[in-house]
Amino acid sequence: MELNKVDKLVHSRAKILIFAAFAFALWQFSWIGSDIIKGTESSIIHLITGLVILGSMLWVAACYFFYSFSKKVKKANAFEALNDELTHKNKRQAFMAGYFTLFGMIWLLIPATDFWDLDLLLFIRTIAVLAIIVPILFFSYLELKNDQGAG
Amino acid sequence: MQSEQKYFANHLKQLRAQHNYTQADLAELVGVTRKTINTIENRVFIPSAFLALKLAQVFKITVEDIFYIEEH
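Residue numbers (our numbering), protein chains in the order written: chain A, 1 to 151; chain B, 152 to 223.
It is possible that some hints are incorrect.
Stated by the list, open to error - Example chain B residues on the side facing chain A (calculated, C-beta under 10 Å, incomplete): (1) 160; (2) 178; (3) 187; (4) 198; (5) 199; (6) 201; (7) 204; (8) 212.
Bear in mind the hints are in silico, worked out from the structure with no lab data behind them. Positions of the beta carbon are idealized from the N, C-alpha and C atoms, including for glycine.
Input sequences plus hints: build the corresponding full structure.
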């Protein structure tokens, strides 16, 4: 059965969010990686620098896709439908996933500092990135799951 | 809450068939996505009182004619 316009927008939104999460993760984790090997004679510095640039370009592309998507939503007059109570419930659950990721990782980091000499700034940056991408991916998963098909 | 969802039953599918509405048609009438109607029908999501009233309004019946608690 052909998806109606709102269905298509729901699927588009989830795909754009997954792409944005991937782009952001590539950009940020590559950047963290380049900071880790900065000052060393590592041969992969150019590869990692390339990944940082690629990630940042993909992130710009994701921002454009969001802008384009918002135009489509406005044109279809679908803002209310795309922000209905099921979407609100999914957003709350995604927010909680992000909260527990942040909370859990901070509380793992604290005792870890007793055992290992860690670069705290790098770990905090990693946790911050995960706290952004985990809720985005979880929200997209919730939006796409439990759909038993049109009837 | 998840176990309560199983017992929150409804006649949405039958009502849609009587009125010749697809899930998408019904979703458009009450201002939600087709997936929201789908998850309500399949007892995955419990709608708010407001949405339940809007659904009842579409079918011109009461909320209790649509939703009921299944005996277990």
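How the hints compare with the structure:
1. Here the hint on residue 160 (chain B) is broken, as its CB sits about 16 Å from the closest CB of chain A, past 10 Å.
2. Here the hint on residue 178 (chain B) is kept, as its CB sits about 7 Å from the closest CB of chain A, short of 10 Å.
3. A hinted interface residue such as residue 187 (chain B) counts as satisfied when its beta carbon comes closer than 10 Å to some beta carbon of chain A; here the least separation is about 4 Å, so the hint holds.
4. This hint holds: residue 198 (chain B) has a C-beta 7 Å from the nearest C-beta of chain A, less than the 10 Å allowed.
5. Annotation: interface hint on residue 199 (chain B) holds; nearest CB of chain A at approximately 5 Å, less than 10 Å.
6. Taking 10 Å as the C-beta cut-off, the interface hint given for residue 201 (chain B) holds, the closest approach to chain A being about 8 Å.
7. The restraint placing residue 204 (chain B) at the interface with chain A is violated, with a minimum CB-CB distance near 13 Å, outside the 10 Å limit.
8. Interface restraint check for residue 212 (chain B): the shortest CB-CB distance to chain A comes to about 20 Å, outside 10 Å, so the restraint is violated.
The structure shown violates the earlier hints numbered 1, 7 and 8.
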